[in-house]
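Heads up: the protein sequence lines correspond to chains A and B, in order.
If you're matching positions, the first sequence starts at 16 in the numbering used here and goes up one per residue.
If you're matching positions, the second sequence starts at 112 in the numbering used here and goes up one per residue.
Capping the alpha-carbon separation at 25 Å, the derived lysine-lysine pairs in DSS-like fashion look like this:
| hint | chain 1 | residue 1 | chain 2 | residue 2 |
| --- | --- | --- | --- | --- |
| 1 | A | K28 | A | K216 |
| 2 | B | K399 | A | K95 |
| 3 | B | K208 | B | K257 |
| 4 | A | K230 | A | K81 |
| 5 | A | K277 | A | K202 |
| 6 | A | K178 | A | K20 |
| 7 | A | K262 | A | K95 |
| 8 | B | K399 | A | K127 |
| 9 | A | K230 | A | K277 |
| 10 | A | K175 | B | K115 |
| 11 | B | K399 | A | K81 |
| 12 | B | K208 | B | K113 |
| 13 | B | K208 | B | K148 |
| 14 | B | K115 | A | K178 |
| 15 | B | K113 | A | K178 |
| 16 | A | K277 | A | K20 |
| 17 | A | K175 | B | K113 |
| 18 | B | K473 | B | K426 |
| 19 | A | K95 | A | K127 |
| 20 | A | K81 | A | K202 |
| 21 | B | K172 | B | K360 |
Simulated from the structure, these hints should not be mistaken for lab results.
Keep in mind it's a predicted model, so treat the numbers as computed, not measured.
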Amino acid sequence: MKTYKQLFSELSKLKRPALISFFVIGDPDFDTSVQIVKTAIDAGADILELGIPFSDPIADGPTIQKADIRARNSGMSVQKAMEFTRTVRDYKDIPIGLLMYYNLIYQYGTQKFFSDFHEAGVNSILVADLSIDDADEITSPATGAGLDTVFMVTPNTDTKRMKLIASRTTGFIYTVSLLGVTGSREKLSDTVEALVGKLKKLTSVPVCVGFGISKPEHAAAVASAGADGVIIGSKIVGFIENNLGNKEKMLADISTFLGEVKNAISPR
Amino acid sequence: MKYKGRFGDYGGFYVPEVLMPVLEELEEGFYRFYEDKQFVAELAQLSKDYAGRPSPLYHAKRFSEYVGFKVYLKREDLLHGGAHKVNNTLGQGLLAKYMGKTKLIAETGAGQHGLATAMIGALFGMETKIFMGVVDIERQSVNVHKMKLCGAEVIPIEGGTGTLKDAINDALRYWTAHVTDTFYLFGSACGPHPYPTIVKHFQTCIGTETRRQCLAEIGKLPDMVVACVGGGSNAIGIFSGFMDDKDVKLLGVEAGGRSLNSGRHAATLVVGRVGILHGAKSYLLQDKEGQVHETESVSAGLDYPAVGPEHCLLKDTGRAEYVAAEDDEVLDAFELLSKTEGILPALESAHALAYLMSQKGKFDPDTIAVVNLSGRGDKDVSIVERRRPLMSS
Ligand SMILES: Cc1ncc(COP(=O)(O)O)c(C=O)c1O
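Construct the complete structure from the given sequences, taking the supplied hints into account.
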């Protein structure tokens, strides 16, 4: 199973950041979702960030909220999510991170959740509603299960917290580009480049950037600021929402867009 | 964060990183000012002249006669705005002012907290946004209009069931994007630390006054103190005055909705399982995997699947007991208090009265029960009218 460490070291030789694409597992239904994720892999995604849908996603804007609803309406469950990650991992050996809310993990049993999903091909589990202050609740179950840790840094995280977060992160730092929830944005946040620069000086842990990255130019700017990965979420989830009646176009739009982003972050 | 914000294992601050700095700032601000002389004096003055504290303790003799024991009402319904909510919004609003914040946001279910926040926004000249589910906007429209008259913007929330939980989700999302200048004036003793502690602090006046009034006016402590429980603020407020009086029974009444068996209710402590929602660990109405259930109650203010962490601990230790009252019983209680005392209770508060009605004749006539009449029922008249049309006479 390919680790983040192996992947980031391969990419550093290629001198380009990782292309990370986010989807909600089971959006709009299990089979289409598998096809979508395979399409993203074929289009060049280096890492998959996958969400298990939750009833109350407080860190997500309307696009991903709607994706959660579509997935839940089509019967997505924790058990099926496990089957999903296994299927995807069998298709191609690329790292998979989960991004989800704590209650689903807590109800399953944290230790067992982490072990079972590690076995199903997952490399890390980022808990959206758990900050570094409560890292103890998940780090030892995570490392015990063989998972890497991923934590968020936001534009209002102070230097002391950044150092703490970096010291407890083994996978990558999920850098939130702006103050706000997930969602496409017209413009790239004007503070993100400085934020990436600061983090890169502070730590050798890979720094990936997400939230609001909606255009190839955004990705290129983040890449030239030194990011080790670019995370695209709502923009591509939007292609699902906009093409629910036309699967071919849905897949083509996702593939084209990811191709453009990959191109934009690759060295000329 | 300086403190863990735990009540036993309950509570905490399960929020995204982006909200941590602002919760820390809030915690620091609260502990800096809550005992500050000037802050305390200013709050006391406003509580008296603006809100109308102290609120009376009233012996409801005809209601007592019906149930067969002595019932006293703590008249929070007489406060400005018509509910206990103003205690909290004055406290937090003043805190916002002392912390230099200029904008307020709040969630609301029944509209009482939204109204109480809108009032304080007007009082302090702060721009105010109220997040409210579309279902609640429809069923508590009088309060919506009042909020607008006070100058607040009411933001309708379509998501989920269009009730309190969804309003909190969107208020948190909005706050995430506006942490720098906006103060989130949270409405109940739940949510992430430090809110349960802050809200309790500003609601303890109910308990302190009630205990003093019992001793002065009845000459002894009551046998039981009864309050409705949504998020838990009016209940923790009145319970706090009697926590160390081990002989005083503390009883919380949750929303039994259609019925507990139907699954359509909001009786979190009675039938919930421990989980994590809106930044805190608490009892929670949820399915096996942890997806949060949709709730149902005739009262918008209790229509919520989680509950304040301190109540969870009080339940586990047995210091307080929690029961549920179903919608039909609640409507009976609404009618009974109106008929026997000429007091229209809020449907939320009517849950506490419904419990007493269910105990009719079961206690010794000398038994003294104090009910926190957390709000008045004007806002609910149209709901009651629809559910219980009066015969034309
Ligand atoms: C009159 C009244 N009582 C009680 C409540 C429930 O809240 P809590 O449990 O925080 O007291 C509300 C909430 O809107 C209310 O308006």
